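Sequence order for the protein chains is A and B. So the first sequence is residues 1 to 164, counted in our numbering. So the second sequence is residues 1 to 164, counted in our numbering.
Hints are computed from structural coordinates only; laboratory data are not their basis. Mixed in with the good hints there might be a few duds.
Said to hold, decoys possible - Just the calculated beta-carbon pair ranges, DEER-fashion:
1) S41(A) / G65(B): 32 to 40 Å
2) G71(A) / T164(B): 51 to 59 Å
3) K69(B) / P155(A): 43 to 51 Å
4) L142(B) / S41(A): 38 to 46 Å
5) R129(B) / S55(A): 38 to 46 Å
6) K5(B) / A56(A): 45 to 53 Å
7) R163(B) / G71(A): 55 to 63 Å
8) S55(B) / S149(A): 34 to 42 Å
9) R153(A) / V53(B): 38 to 46 Å
10) R114(A) / G138(B): 34 to 42 Å
11) R51(B) / G48(A): 32 to 40 Å
12) P50(A) / R51(B): 27 to 35 Å
13) S41(A) / N72(B): 48 to 56 Å
14) R144(B) / R24(A): 34 to 42 Å
As the list claims (entries may be wrong) - Listed next, the stretches of chain A that the computed footprint assigns to chain B, with coverage defined by at least 3 CB atoms under 8 Å from CB atoms of chain B:
15) 11-17
16) 82-92
Claimed, not checked - Some chain A residues close to chain B (C-beta under 8 Å, calculated; not the full set):
17) V20
18) L27
19) L28
20) A60
21) R98
22) M103
23) R104
24) G112
25) D118
26) T120
27) V150
Note that the coordinates shown come from a computational prediction; the quantities given were computed from them, not determined experimentally. C-beta: ideal position from N, C-alpha, C; glycine also.
There are 2 protein chains.
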Amino acid sequence: MALGKDYAGQDCSVARALEVVGERWTLLIVRDALYGVRRFSDYLAHLGIPRAVLSARLHALTEAGVLAKEGNEYALTPMGVELWPVVHTLARWGERHRSAEEMRIFVHAECGGRLADDATCPACDRPVRPTEVEMHPGPGALRRDDPVSVYLREPHRLLDPIRT
Amino acid sequence: MALGKDYAGQDCSVARALEVVGERWTLLIVRDALYGVRRFSDYLAHLGIPRAVLSARLHALTEAGVLAKEGNEYALTPMGVELWPVVHTLARWGERHRSAEEMRIFVHAECGGRLADDATCPACDRPVRPTEVEMHPGPGALRRDDPVSVYLREPHRLLDPIRT
DNA sequence: CTAGGCTGGTTCAGTGAATGAACCGGAAGA
DNA sequence: TCTTCCGGTTCATTCACTGAACCAGCCTAG
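Go ahead and model the full structure; you've got the sequences and the hints to work with.
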């Protein structure tokens, strides 16, 4: 992990975190894993990432303990699942400042209410684990035709495996 | 912003957000800006970033509306300040999984209690704006000798300008 | 008023990483 | 057995990051 990937000299946990998830594509892979994507070909088609880069990132994330490989599937470890608040907070910021219309809507499955920006449920007044979150397509969602995009046209529980 | 920086085809606000803050060094610049850094030379020395890259990032962030330049100082806009939950959530994840000891401690200035991982104050039971947050050095903090690091050996309000 | 230092950059050559296309080996189905 | 699919690896090209050198404007001491 020499020159170009790390942030040596930074006594900061943001830098430590970015050494794991800060490279190009990495956080989008984690996002897809939270959605339930597990297979190489599904990541590949849904992200439009070069195969070589996907391979490298999956291995690096596995090495770091964010993903675990079982058979041919890459799924999040508990450490990886804990990135959910990071991904959600970032998504909400992008939604507010960088998107014309909402693309994805996150709902607390038990009460049906939408999640607050900090990934808590305002109605239930508590933090919500990703397995309790249902994702709905929003009005800004595109009609892409890769298998994962087609699958996600329907509401879907986070972390529920997507096998196309 | 052609090839290599954007994530074209992703109908996802995470991708939109990463097009602004996803490049190498960018989120560390935002972190420093939240700490109160404003001057080119302070970012330079505190980050150990190449001058050319810092120049490019500051211009890109200004262009995107995350930073605003006034005179010779680059400070966060309201849109940039809203990245505080992202940075804090990521810092907490890194702290939990990637650091031996705590490097920085974030405290709600009004009540003296430490912030929860989602950047709320558990004691006051409400979200906390960055201007209400005081940052203290933790036991894992290094004794670096650049001006910003020296300045931050003392407790410091977020967004309070650092002029060395 | 001018010489030197400081701040805030730009330029440039070298290097490493991302890209996209081609290739490959194993497993499963026809 | 032949074919297709899946999960990669290899490779040439292009792009971005790096670090060092250079430079222009401002401030200040002499």
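Hints versus structure:
At roughly 38 Å, the beta-carbon separation of S41(A) and G65(B) lies within the given 32 to 40 Å, and the hint holds. For the pair G71(A) and T164(B), the beta carbons lie near 55 Å from each other, so the given range of 51 to 59 Å is met. Judged by the Cβ atoms, the range 43 to 51 Å given for K69(B) and P155(A) holds: they are separated by roughly 44 Å. The hinted range of 38 to 46 Å is satisfied by L142(B) and S41(A), whose Cβ atoms lie roughly 44 Å apart.
Separated by about 42 Å at the C-beta atoms, R129(B) and S55(A) satisfy the suggested range of 38 to 46 Å. K5(B) and A56(A) have their C-beta atoms about 19 Å apart, which leaves the hinted 45 to 53 Å range violated. For R163(B) paired with G71(A), a C-beta distance near 57 Å keeps the hint of 55 to 63 Å intact. A hinted range of 34 to 42 Å for the beta carbons of S55(B) and S149(A) is consistent with their spacing of about 38 Å.
With their beta carbons about 40 Å apart, R153(A) and V53(B) fall inside the hinted range of 38 to 46 Å. Separated by about 35 Å at the C-beta atoms, R114(A) and G138(B) satisfy the suggested range of 34 to 42 Å. For R51(B) and G48(A), the hinted distance range of 32 to 40 Å is satisfied, since their beta carbons lie about 33 Å from each other. Between P50(A) and R51(B), the C-beta spacing of about 30 Å keeps the proposed range 27 to 35 Å intact.
In this structure, S41(A) and N72(B) meet the distance hint of 48 to 56 Å, their C-beta atoms being roughly 51 Å apart. Our hint of 34 to 42 Å for R144(B) and R24(A) is violated, since their Cβ atoms are close to 28 Å apart. Requiring three or more residues with a Cβ within less than 8 Å of a Cβ of chain B, the coverage given for the stretch 11-17 of chain A holds, as 7 such residues are present. With a threshold of 8 Å between beta carbons, the proposed coverage of the stretch 82-92 of chain A by chain B holds, since 9 of its residues qualify and at least three are required.
With 8 Å as the threshold, the beta carbon of V20(A) comes within range of chain B, its nearest partner Cβ sitting at about 7 Å, so the hint holds. Here the hint on L27(A) is kept, as its CB sits about 6 Å from the closest CB of chain B, short of 8 Å. Satisfaction of the interface hint for L28(A) is found here, the shortest Cβ-Cβ separation to chain B being roughly 6 Å, below the 8 Å cut-off. Here the hint on A60(A) is broken, as its CB sits about 14 Å from the closest CB of chain B, past 8 Å.
For R98(A), the shortest C-beta to C-beta distance to chain B is roughly 4 Å, which falls under 8 Å, so the interface hint holds. At about 5 Å, the closest approach between the beta carbon of M103(A) and any beta carbon in chain B falls short of 8 Å, and the interface hint on this residue holds. A least Cβ separation of about 7 Å between R104(A) and chain B falls short of the 8 Å threshold, and the interface hint therefore holds. Violation of the interface hint for G112(A) is found here, the shortest Cβ-Cβ separation to chain B being roughly 22 Å, above the 8 Å cut-off.
Nearest Cβ of chain B to the Cβ of D118(A): about 5 Å, under the 8 Å cut. The hint holds. For T120(A), the interface hint holds, since its Cβ comes within 8 Å of a Cβ in chain B; the closest pair sits about 7 Å apart. Interface hint at V150(A): violated, since its Cβ lies 13 Å from the closest Cβ of chain B, which is beyond the 8 Å cut-off.
The structure fails to meet hints 6, 14, 20, 24, 27 from the earlier list, while all remaining hints are met.
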